[in-house]
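Chemist: Please put together the full structure from these sequences, using the hints given.
At position 2 of the sequence shown (counting the first as 1) the number is -6 in the working numbering, and the numbers step up by one without a gap.
Each hint should be verified, as a subset may be incorrect.
In the SDA-like style, the derived pairs of lysine to any residue whose C-alpha atoms are separated by at most 25 Å in a straight line are [claimed, not checked]: (1) K32 x P(-6); (2) K65 x I2; (3) K77 x H34; (4) K42 x K77.
No wet-lab data here; the hints were simulated from the structure.
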Amino acid sequence: MPDIIFMLLIFFMVTTVMREYEGLDVIMPRAKMIEKLESKRHTTYVWATKDGLVSVDDRIIHINDLAGLMYNKVAKDPRVTVSLKSDEKTTMKLITDIHTQLR
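Modeler: As structure tokens, then:
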């Protein structure tokens, strides 16, 4: 019996997705409404800073390259979900530009 428990423990430890993002230095604003992601496996993280930097999955990119990059990601995985995280002092213009590129 203990060997089955240890095998299950090892199985779950190996298959669990635990990923830390060491991207841009962002101070998150307080949210009024949050939607919990069902699966982080199909999630792409887009970070925006107060300095106008945009990062996708820990790579800093120019905002004009965002549409092409996301087009390639959706072609590889049609179930991809975008999680936009921004600094509390990020301008709304940058957020709007990101939304425009993601359409």
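Chemist: All hints, please: hold or fail.
Modeler: Hint check:
1. K32 x P(-6): violated (31 Å)
2. K65 x I2: Between K65 and I2 the Cα gap is close to 31 Å, so the pair fails against 25 Å, i.e. violated.
3. K77 x H34: holds (16 Å)
4. K42 x K77: Since the Cα atoms of K42 and K77 sit roughly 12 Å apart, the hinted pair holds (cutoff 25 Å).
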